[in-house]
Amino acid sequence: VFPGLTTLAFGFQTTKKGSHNITTMATASPTPPTATVFGVEWHGHRGDPSWDPPAKTFGCPESVRPDQDNHIGSDEFRDAPVVLAAKVALLADLIRASRFCVAYTGAGLSRSAGIPDYASKSGRSVSPIFAPFDAQPTAAHRTLAAMERRGHVHHYVQQNHDGLPQKAGFPQEKMNEIHGAWFDPSNPVVQFSESLRGDLFEWMLEVEKKADLCLCLGTSLSGMNADRVAENPAKRSLRGDSRVLGTAIINLQRTRLDKSACLRIWAPLDDVFALLAQELSLDVNMSPPPPAPAVSLVPYGGDGLPSLSTKDLMVLDLSIGKKVRISQPESSKADRVMTVKRHYEDGSIGLSSRGYSSRLGNWWIRGALEGTVQRLPVVNVDPVFHSKQDHQPDKTTKICIIQSHQKLLNRSQNSHNWSLRLDPAGSSLVEAVEWDLHPTFHPPKRTLTNPPFQIEMNGWGTFSVGAKIKLKGDKSGLEVSATHEISFSEEGDAVKITAVDIPVEKRLGS
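Counting in the working numbering, the sequence shown tops out at residue 510, every number present.
To be clear, the hints were calculated from the coordinates, so they are not data collected in a lab. It cannot be assumed that every hint is accurate.
If you anchor each label on the Cβ, the simulated ranges turn out as follows [as the list claims (entries may be wrong)]:
no.: 1; residue 1: P81; residue 2: Q406; range: 33 to 43 Å
no.: 2; residue 1: L205; residue 2: K333; range: 38 to 48 Å
no.: 3; residue 1: F58; residue 2: N417; range: 33 to 43 Å
no.: 4; residue 1: K407; residue 2: K210; range: 52 to 62 Å
no.: 5; residue 1: S309; residue 2: K333; range: 25 to 35 Å
no.: 6; residue 1: G321; residue 2: P81; range: 50 to 60 Å
All values reported here derive from a predicted model rather than from experimental measurement. Glycine included, every Cβ here is placed at the ideal spot set by N, Cα and C.
I would like the entire structure built from these sequences, with the hints used as guidance.
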């Protein structure tokens, strides 16, 4: 595909087929910033030429991405409501007709989630989020996930790193995070001067050939190598390939591929996808899955690939303090050993090694349990295997009691702040926790009913804390007891962990 593609990586230019460089020379000449956009560039080749052109809502001659040699102006345009409705109806028809629809998304898709983009210059009212890892999916993300569940979207090539499509429910096994991912330790963010990961690049080439419709969303199309996902269907459609519908571009700013689009929509993405959800009769309200258990039995081998054995399951132990190895050989971090440092409330797992830290998204663990992901990003350093015959419902799972500790300065007494909480995966199984403190605390027994069932205390000495844990759901009626020894030997958010075995079948009084 694209033989003799010219690639460019910040001054280093080569000509070779299938280059892995993150940036490429644009294969179509960008529109000069002073040029007038008219005709097919307003609406796309499948649009109605009688539609009114969009109105300019913001004027800015500044180049949209000068750092990528994209000198198209940063003006913004919007379709009139009646035209937008007609375009969304046409978009729905294209999606229904597609046999292999691919979403190709850029930073503009996550802007309304509070993650800044590069290209916008208008200062549209979006409050940046303090912690991007905590960002939540937008209406567009939720609609794309609902489209996948309905069978309308078959693959997703993601320029962003934020994990928002997966948080919305889009399955990891159909997601190519070609530029790196915050929630995949084996796929660190790719810098502009670096190369794309080989296996993801080859996967992208396969998808590029199969796609008959590309939804190109919130990207300036400034010459990234991955832009081929949008370019190829557009070119094949224009060449008269009746099997290909083309590329639909949704963006407020102009792009170099506007003249090649089958449909061009000028509107905020959340507005477009709210209308599209109505056109396709989609239910976009899906609750996020609960955190996966910290210890799981998964149908994978020690290399992270699906197991060829029909008899054995591998233990994936992501308890705090456990050592894992990056199992993806194509990764720039291949074979790096990392330590599980934290369980976050969203179910993601914090991993760290010297000079590198990352998170593992909850969806990876869910995919591992279901056996749907192509390869696990991490496995335990010394993986343990169990026979499927031995994996019976009366086995145990674990809930972790996590203690934090901070020493206070310039105080002679009560000089330690500490807390106890349950890990997020364990919290999803629990209805209530009764903490039994030292008799000097008033009251000594405290019952909490909201996750993570955390108590925060201040004191000067160590002692044993009892915990009665009442379970819920399919484990309703079970109650287990545990003891945690308070420790002041270290400081931090997780200085000591007590693992509690939870029998699945054994009931109170049995």
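Now the hints, each set against the structure:
1. P81 x Q406: 33 to 43 Å: violated (55 Å)
2. L205 x K333: 38 to 48 Å: Violated - the Cβ-Cβ distance for L205 and K333, about 23 Å, lies outside 38 to 48 Å.
3. F58 x N417: 33 to 43 Å: Between F58 and N417, where Cβ atoms are some 50 Å apart, the hint is violated.
4. K407 x K210: 52 to 62 Å: Check passed, 59 Å falls within 52 to 62 Å.
5. S309 x K333: 25 to 35 Å: holds (27 Å)
6. G321 x P81: 50 to 60 Å: holds (56 Å)
Of the numbered hints given earlier, the model fails hints 1, 2 and 3; all others are met.
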